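Chemist: Each chain, letter by letter, is given below.
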Amino acid sequence: MLLWPVIVAALFALPAFGDGSVVLLHQRADPFDVTVFADHAPLTVGQSNLSVMVQKAAGHSNVPDAHVMLRFEKDEGGRITEVVAPATHAKATNKLLYGAAITVPSEGNWKFTTDIDAQNAHITVLAQLAVGPAAPPMKEKWPLIVFVPVAIVLFIINRRLKRRWRPTYPPARP
Amino acid sequence: MESFGAAALTSWDIRPFSLALLLAAAAVYIRGWLRGRKIVRGEHDGERLTAFLSGLLLLFIATESPLDAFDHFFLAAHMAQHLLLMMLVPPLLLLGHPTLPLLRGLPKHFVRGGLGPFLSWPTLRRLFRFLIAPPVAFVLFAFSTIFWHLPPFYEAALRSSWVHGLQHASFFWTGIFFWWAVVRPMPAKSLWPEWAVIPYLLAADLLNTGLSAAFVFSGRVLYPSYEALHASSMSAQDDQTLAGLIMWVPGSLVYLIPAFVFAMRLLAGPKLRKPAEKMVRVRLRPVVPAPAKTAWLPRLRRPAQVLMLSVAVAVMADGFFGTQIAPLNLAGVLPWIYWRFLSVVALLTIGNLFCMACPFMLVRDLGRKVFPAKLRWPAALRNKWVPAALLVLYLWLYEAFALWNSPWLTAWIIAGYFIAALIVDGVFRGASFCKYVCPIGQFHFITSLLSPREVRVRNPRVCKSCASYDCIRGNEHARGCELYLFQPKKEGNLDCTFCLDCVKACPTGNVAVFPVIPAATILKDPYRSSIGRLSKRTDWAVLALVIVFGAFVNAAAMVHPIMMWNLWRMAAFILAGAALLPLLVFTALRVLSSSELAHRFAFTLVPLGSAMWLAHLLFHAAGPQISVQLLILGCGLLFTLYLAWRIAQKWTTLLPSAVVACGLYAAGVWILFQPMQMRGLM
Ligand code: SF4
Ligand code: SF4
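Chains as they are written, first to last, in my numbering: chain A, 2 to 175; chain B, 25 to 706.
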């Protein structure tokens, strides 16, 4: 009776956000409205999945054929560090968006540029983004470690229950 | 992307883990359903199967389809997703009457020993009965529906993946509790009279109508996120109205149709009601584990060997004469990246296929025509010390001379292997090279303790009346076992190269490849042909430990700062990690438990070691897969602890080996989290 929901329960064990999760910035840059999403915010050192929604400012219909380029720039003591990635529909789960996986190498304030070429218009959206220190790998992967002690605890309970409920043969006379 | 419609149709976010779970649930149900039909057949079996699989399909659509990809942008998509999770998936799964099929579909031992105590735990049973009691189930269902649609909580779910997951899980679970009273899946007993289901469903419809009306008639956008995003030309207000209508019309039908069916059934009176389901009992036949259909396997060996020989020749040719850039050379890629990975996968999923197709043995067989071996392998060397030492040497050579990065050296190693096999087996009888020298073979023998296939006798009684013992002596058609494994006394896969000579030689056809429970042989300690009792074989125990510890040492040598160490430091590290540490651990286990237990514990570490090899080699074959690697390593640890517990039987006896296993696991997790050098691929 109790068994089968356990199997289905596992389906909800690892919720994941695709693109379009957290709004990083939203700007009107005529003739477009641009929204940039991230899989987590604030951004941290390491890989982040960014996605961009490009809409016509008038009417909010989506712009499907844009060329979108994402760029992070930082002046590190006179040396400019730059990370560039094209965002495409292919890399987005939601095909209304343009997605890119981008690796930010260090923490601090980064100049973030979104370049969009579409429908004979070229626009650039600028923003300053604070990038925090890298999240410890355990923070993201802990369920894949915690399942081990959980299984061990369940096993210990199993043994105790087994000992307690083991039928005795022959049954005691009333 | 051409249009909004095309984007909506192609935005699938299929997560392999979720898909694997759904497929596993479907496979377990179908297996149990088929098994159930071997015992008793009901006229609604087909409908139940269809209902359960449809439930899983809708669950897949709710969690992986464009509905999921668009739920942050359109309330209507999110509402449709919630409707599936609360109102369609739970009743469909329950209509599959899943309890018995799922129990039958899982391995019997796991159900009895693993789940049994939980399923009969009174506390858990009481809790479950409480949750499916109609008033409780209704209150939970109503609460979860209202709570999650209140703007602050709904917005929180849009912002956090964990809250979102919790929201979906609570919709699904309260849905299950709610629909339980309506569907009453077998073998559950009816908790309320049948008529009570009608007001129960009507009350739920009332709640649904109230909520839908709030969406349609509120006159303002309830969830500001949708207004802020404004993802299409449809306004957020229109989107909200559409969401309300989805909830209202199809949502109401989900409650009203079953209420109508129940009402009609009650009005029909007892005589006109549907008769009880007809069940047909199927005659039971005793279940005998069938050997795998392997008559064709012995015939496959030669072609497989020829193929592997051609690959080996190609690898050597490219290694000697091709470019010396390893990732562009067959000798840099095939042996170190793919062959190692595939051989471990084959060992864990089928059996010792790579020994079976070994090209060195093909050349050796040809060489025997010129050098008929006469001598027996020296008695002092009839053990596993030499191959264990060769394994440690290999681990050092691999790192010290960067074999993975040198096609030329790789080609020489393969050529050296052919020559060594020819010389050893040209002088000594039997498969002395496989049994007493080859480090690759030893790795396969130890890992094949976990294989799900084994060469063994079909019926031991046939062997009792056997006079020829051709399986070991051989005959004019086939040679006997060159590794001196006498079938009636053979236990497990140790020392077995899967050559299937015994299958060909046995005159009664009494030897075949059988499915076995992986690692079950570790739990036994019988006399094993040509090996003896494992609890007395220190060489075998140390060999197993070298392979287990070698997995961690080999992976650790690819992470900073270890990979930068010079020749001697690396030699010291390999020697300490793969030779001294295993010996130290073995001695400590001997002191802390007993000699017999120390020997047996050594073999229980094999699942953990194999998991580390697999996780490491997966990285090279398929790139960083940290989630899968951690999962593999965790499963390896659990398997190891389980085997050790079965042998120890007492927590105190288990402690020393558990400490070793957990220490290795912790080291493995640390290694996997380090940036690892990607070798052999550009
Ligand atoms: S396996 Fe075959 S040859 Fe070997 S003892 Fe049994 S019956 Fe005889
Ligand atoms: S038992 Fe011997 S002959 Fe039979 S498959 Fe194994 S190694 Fe070959």
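It is worth saying that the hints were derived from the structure and are not from the lab.
Computed from a predicted structure; not experimentally measured.
A portion of the hints provided could be inaccurate.
[What the hints assert, rightly or not] Below are the DSS-like pairs computed for lysine-lysine, each with C-alpha atoms no more than 27 Å apart in a straight line:
{"id": "1", "chain 1": "B", "residue 1": "132", "chain 2": "B", "residue 2": "393"}
{"id": "2", "chain 1": "A", "residue 1": "163", "chain 2": "A", "residue 2": "142"}
{"id": "3", "chain 1": "A", "residue 1": "163", "chain 2": "B", "residue 2": "213"}
{"id": "4", "chain 1": "A", "residue 1": "163", "chain 2": "B", "residue 2": "132"}
{"id": "5", "chain 1": "B", "residue 1": "62", "chain 2": "A", "residue 2": "163"}
{"id": "6", "chain 1": "A", "residue 1": "163", "chain 2": "B", "residue 2": "513"}
Chemist: Against this structure, judge whether each hint is valid.
Modeler: Hints, one by one, checked against the model:
Our distance criterion of 27 Å between C-alpha atoms is broken by residue 132/B and residue 393/B, whose separation comes to about 51 Å. Of the pairs offered as hints, the one joining residue 163/A and residue 142/A is violated, with about 33 Å between alpha carbons and a cut-off of 27 Å exceeded. Between the alpha carbons of residue 163/A and residue 213/B the distance comes to roughly 26 Å, so the proposed pair stays at or under 27 Å and holds. Between residue 163/A and residue 132/B the alpha-carbon distance is near 16 Å, which keeps this suggested pair within the 27 Å criterion.
Taking the CA atoms of residue 62/B and residue 163/A, the gap is about 30 Å. The hint is violated against a cut of 27 Å. Restraint check for residue 163/A and residue 513/B: the C-alpha separation of about 35 Å exceeds 27 Å, so the hint is violated.
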